[in-house]
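In case you want the letters, here they are:
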Amino acid sequence: QKEVEQDPGPLSVPEGAIVSLNCTYSNSAFQYFMWYRQYSRKGPELLMYTYSSGNKEDGRFTAQVDKSSKYISLFIRDSQPSDSATYLCATQGQAGTALIFGKGTTLSVSS
Amino acid sequence: KAGVTQTPRYLIKTRGQQVTLSCSPISGHRSVSWYQQTPGQGLQFLFEYFSETQRNKGNFPGRFSGRQFSNSRSEMNVSTLELGDSALYLCASSLLSSGTYEQYFGPGTRLTVT
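Heads up: the protein sequence lines correspond to chains H and C, in order. Okay, so the first sequence: first residue is 3 according to this note's numbering, each after it adds one. Okay, so the second sequence: first residue is 3 according to this note's numbering, each after it adds one.
Excised from the complex, chain H in its bound form (with noise of 0.2 Å):
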């Protein structure tokens, strides 16, 4: 079982719609929870970060843990064409250890 499982998608939805990235992890040690975003072409863009459970709000952003259930969550409002992306997910354990990737969704937002 790997790490960090993540749905590739790809994941299409119209404009202004609620779009809902998941990720599951397998080790409970994990502390730091983070998303990126990767447009094409680029390297990866830290989006939020999260440590250890609970919700954190940035704008049409709202990243969501629950350790009970190793279950990470990506929630975009108002989704725009300008969301048009990979998504990975990423956690880590104690301070000091590399980050571990989920292999991204990629999302399109037609308008």
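Everything labelled a hint here was simulated from the structure, so no lab data went into it. One or more hints might be untrue.
Partner residues aside, some chain C positions facing chain H, computed with beta carbon under 10 Å [said to hold, decoys possible]:
id, residue
1, 8
2, 10
3, 41
4, 44
5, 106
6, 107
Heads up, incomplete: computed chain H residues facing chain C, CB under 7 Å, no partners named [what the hints assert, rightly or not]:
id, residue
7, 45
8, 46
9, 61
10, 62
11, 103
12, 105
Listed next, the in silico DSS-like pairs over lysine-lysine satisfying Cα-Cα at most 30 Å (straight line) [to be verified]:
id, chain 1, residue 1, chain 2, residue 2
13, C, 59, C, 15
14, H, 4, H, 58
15, H, 4, C, 59
16, C, 59, H, 69
17, C, 15, H, 44
18, H, 58, H, 69
19, C, 59, H, 72
20, H, 4, H, 69
21, H, 58, H, 72
22, H, 4, H, 44
23, C, 59, H, 44
24, H, 72, H, 4
25, H, 44, H, 58
Note that the Cβ used here is the ideal one computed from N, Cα and C, for glycine as well.
Following the hints, complete the assembly by docking chain C onto the known chain H.
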């Protein structure tokens, strides 16, 4: 502030050759991590250098190596290239060690091995 730069952006090599990729981190950042990204395996951690010392290493063969210079610039080298080494190689810099989520990625070097 300038972002992470990687050179070259694109590279085509023949199986058996070796290649050196370069990464210049954001000014003031001391940690540089390298990742390999492929459609099949996703983003996989290669190694991290902090203040010229390798601090973490991923599960890659010894053909993959790296180093960091005193100005924090880093290079990675792949010897005896194999077809499976074709990938996007990304470097990421951060202020502290890789024990922080705040990693800033470069645009990557697209390596094609024929």
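Structure-based check of each hint:
1. 8: Check passed: Cβ of residue 8 of chain C comes within 8 Å of chain H, closer than 10 Å.
2. 10: 14 Å, violated
3. 41: This interface hint holds because 8 Å falls under the 10 Å limit.
4. 44: The hint holds - residue 44 of chain C has a Cβ within 10 Å of chain H, the shortest such distance being about 4 Å.
5. 106: 8 Å, holds
6. 107: For residue 107 of chain C, the interface hint holds, since the closest Cβ of chain H sits about 3 Å away, which is under 10 Å.
7. 45: 3 Å, holds
8. 46: 5 Å, holds
9. 61: Interface hint status for residue 61 of chain H: violated (18 Å vs cutoff 7 Å).
10. 62: Violated - the Cβ of residue 62 of chain H stays beyond 7 Å from chain C, reaching only about 20 Å at its closest.
11. 103: 4 Å, holds
12. 105: 4 Å, holds
13. C:59 x C:15: 25 Å, holds
14. H:4 x H:58: 26 Å, holds
15. H:4 x C:59: 18 Å, holds
16. C:59 x H:69: 27 Å, holds
17. C:15 x H:44: 22 Å, holds
18. H:58 x H:69: 14 Å, holds
19. C:59 x H:72: Between residue 59 of chain C and residue 72 of chain H the Cα gap is close to 25 Å, so the pair holds against 30 Å.
20. H:4 x H:69: 17 Å, holds
21. H:58 x H:72: Measuring from Cα to Cα gives roughly 17 Å; hence the hint holds.
22. H:4 x H:44: Judged against 30 Å, a Cα distance of about 25 Å means the pair holds.
23. C:59 x H:44: 24 Å, holds
24. H:72 x H:4: Distance of about 13 Å is within 30 Å: holds.
25. H:44 x H:58: Given that 30 Å is the threshold and the Cα spacing comes to 25 Å, the pair holds.
Violated hints, listed in ascending order, are 2, 9, 10; each of the other numbered hints is respected by the structure.
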